[in-house]
Amino acid sequence: MTRIVAWYEFLFTVKRPAYLIVTFGLPVFIGLYAGFIMLVSLGTASYVIEGLSAKVGVVDDTGLLEYARQYEAELKKEKESSASGDSDIASAARQLEAMFEKIQPDESRTFPTIDAAKAALESRQIDVVIHVPADYVREGVIETYLREWKIFGAIAAPQQVRQRLRLGLLQRAGLSDAEMTVIRGGGENSNGFGSVTLHELGADGKFVEVNQLQRIMGFAVPAGVAGLLILALMLNAGFLVAGVAEEKENKVIEVLLSMVRVDQLLMGKVLGLSGAALAQMFVWAAMAAPIPLIVGAVGGRAIGFEWNFGVLSASGLFFMLGFVFYGALLVGLGSLGNNIKESQQYSMYIMLLPVVPMIMVVALVNAPNGLLSRALGWIPFFSPPAMMIRLATGEVPIWDVAISAAILVASTWGAVRFSARLFRVGALLRGQSMNPIRIARLFLQA
Amino acid sequence: MTRIEFQNVFKAFGGGGTRIQAVDGVSFAAAGGEVLGVLGPNGAGKTTIIRMLLDVFRPDAGEILVEGERDGNRRDEFRRRVAYLPEERGLYQKRKIKDVIEYTGALRGLSRAETRERAAPLLERFDLAAYAKKKVATLSKGMSQKLQILLSVLHDPDLLIFDEPFSGLDPVNVRLVRQLVQEHRDRGKLVCLCTHMMAEVQALCDRVMMMHRGARVLYGPLDEIRRAHTDYQVTVDIDAAPEGLPSVDHVACVEKSKNVYLKDGKTIADFMRDMSAAGRSVRFMSEGLRSIEDVFVSVVGRQDVVSAEAPK
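As you go down the protein sequences, you meet chains E and B in turn. Using this note's numbering, the first residue of the first sequence is number 1, and each one after it goes up by one. Using this note's numbering, the first residue of the second sequence is number 1, and each one after it goes up by one.
Honestly, I wouldn't trust all of these hints.
[Claimed, not checked] Derived CB-CB ranges, DEER-like: (1) E:GLY414 <-> B:ALA132: 39 to 45 Å; (2) E:MET358 <-> B:GLU63: 50 to 56 Å; (3) B:ILE20 <-> E:SER313: 49 to 55 Å.
FYI, nobody ran anything at the bench for these hints, they're computed from the structure. Note that this is a predicted model, so its numbers are computed, not measured. Built from N, CA and C at the ideal position, the CB exists for glycine as well.
Could you build the full structure based on these sequences and the hints that come with them?
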């Protein structure tokens, strides 16, 4: 009977417009939102880039910019010859570097005198004139001429010229390439993320190099999955409470109770909604699947991340147990409301519980086997999300996971019994407001 | 053959000053092939009796037997054999009628094919076939009522519990439900009928149990109860009003006849003697069985008077 209730609850839930909107609409919304942010960023960036790439006229009385051009030409030739031998991390780092200010192509036009540059500015051949006076090295001042000042407009041009002047100074000083690289910042052949290489003490007592990106992804992906699981839990728990409240308002509940035992009805509802939540997860996962491919395509090569199926399976277990545990309590308390609004108010007390570990995520991640983490992992009200976060670190011993799971299983059984008893009277109760004493009394009478 | 039995069952709700004794030592039995009328004013405890029978509530004390088995109502098998139509109708308003039928069939242990097979003639009979693919919310109150009745008998139950099945129905559909009840009774099913429509009780019930303030105040075959409360009622056709005679309590006019209600302890012989002494003649007289409505009003009214007079 539980199976039948679960199956139909699942079917009715996945056909709900609200469920479909959340399942398919949320990723689309997030995608659109992210896209909007990116577009705004790109729009802003393009405005800045417009400033950067505005037609710049330069009058260099110091001659330093010519040195900079020489250095850039040599560097470009060198990079072209060595690019094929780079690691993917170094390649990614260089791409990042190239995106920002360090190697901006110089498209400025050089004028011999300031008057010639000003004439070109007035006749709209160029948009900005940067004058580097002969005493620049001593005074550190460059002059900028515009037809019209605009906020955000052409701000980057003087900065770009200033960087080239620095480069020219270095080139003029006759430093070696290696010295130039160090002063400019960023190792061209660095094998770590960015320019830092990390090592840690391995099990055999020797230091081994840490692939930071892989480590970060190793945590972020399971933790992200845990976050999605909690999101699914909270969203579908809302459907669960709304469903019970609706049946109570519609007065269907009394007929249902004549057909199905209260514990069967309760479990069927919770399991059906768990299935709907899992289906939602699969949909989200399927919709998110192209993202690593896109990232891989943009990055040129895969990052080297591997799924930890043990961690994911355990997370899945805690998700299911957590859903049944919270779901049972939600149905029990939700059944006491006289309408959907009241039921949702009662259910808020339960919905706040899984949020607690999220607030303490830093402690859970930094010390997954610390006292607080272990306490949160063993207290059933907090354990499902707490364990999912702890599991993502990959440092929780198996016995710890087993104890937490065992406590949660026992608590889930207790929650189902407790809620079934409350549901038995709560579902048929009307017109009464609730408080803890009244709830306790109802529980004893059922 | 279904047989249910309540043995000295008690159930209370609330605590302290708000404690309500909903059912107070009620006993009764009923078996397949009869219609049991569960009667009583609002708040008498009828719904609590039904809910205990359906194992929604558990009694505080006493036994509920099904087929002679203690707590037999807790078995899944029992649930599959029961039909329940509550007084407060409830349907999934946003779902299609065929979906609701399918879900109910599944909960009753029917396969999809069986559900379709059984639902088709019932949909025709209740004039609902054209609405099968529509949402429940599109139905009128009366149609919703019929859908609920259809859902309750979909699985050919052995025990039908109908709480006010006639409310909201037009006379044609009242007749339809009456036929349905009679058919099930004739096929050996047990029907428990809770209703305030005394005409229907009188027409359908074989046995009644009347409750008041949680307690059973009357119980037995309908005719016996009516007879037991009829010894002081006669229907007469007379030329002069009988009011004022020593044996007469009051008189009610029914068309051309008069129902004469005798005082407690007075018999028809006393009435005839009084008529003769007063020099009045009787053209026609019959001993009328009291309607169950009269019995209901009389018993409940008397209980209320006794209660009001009791020392507090």
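We went through each hint and held it up to the structure:
Range check, E:GLY414 to B:ALA132: about 43 Å between beta-carbon atoms, so the 39 to 45 Å window is met. In this structure the hint that E:MET358 and B:GLU63 lie 50 to 56 Å apart at CB holds, the actual value being about 52 Å. Here the CB-CB span from B:ILE20 to E:SER313 is close to 52 Å, well matched to the stated 49 to 55 Å.
Checked against the numbered hints given earlier, the structure satisfies every one of them.
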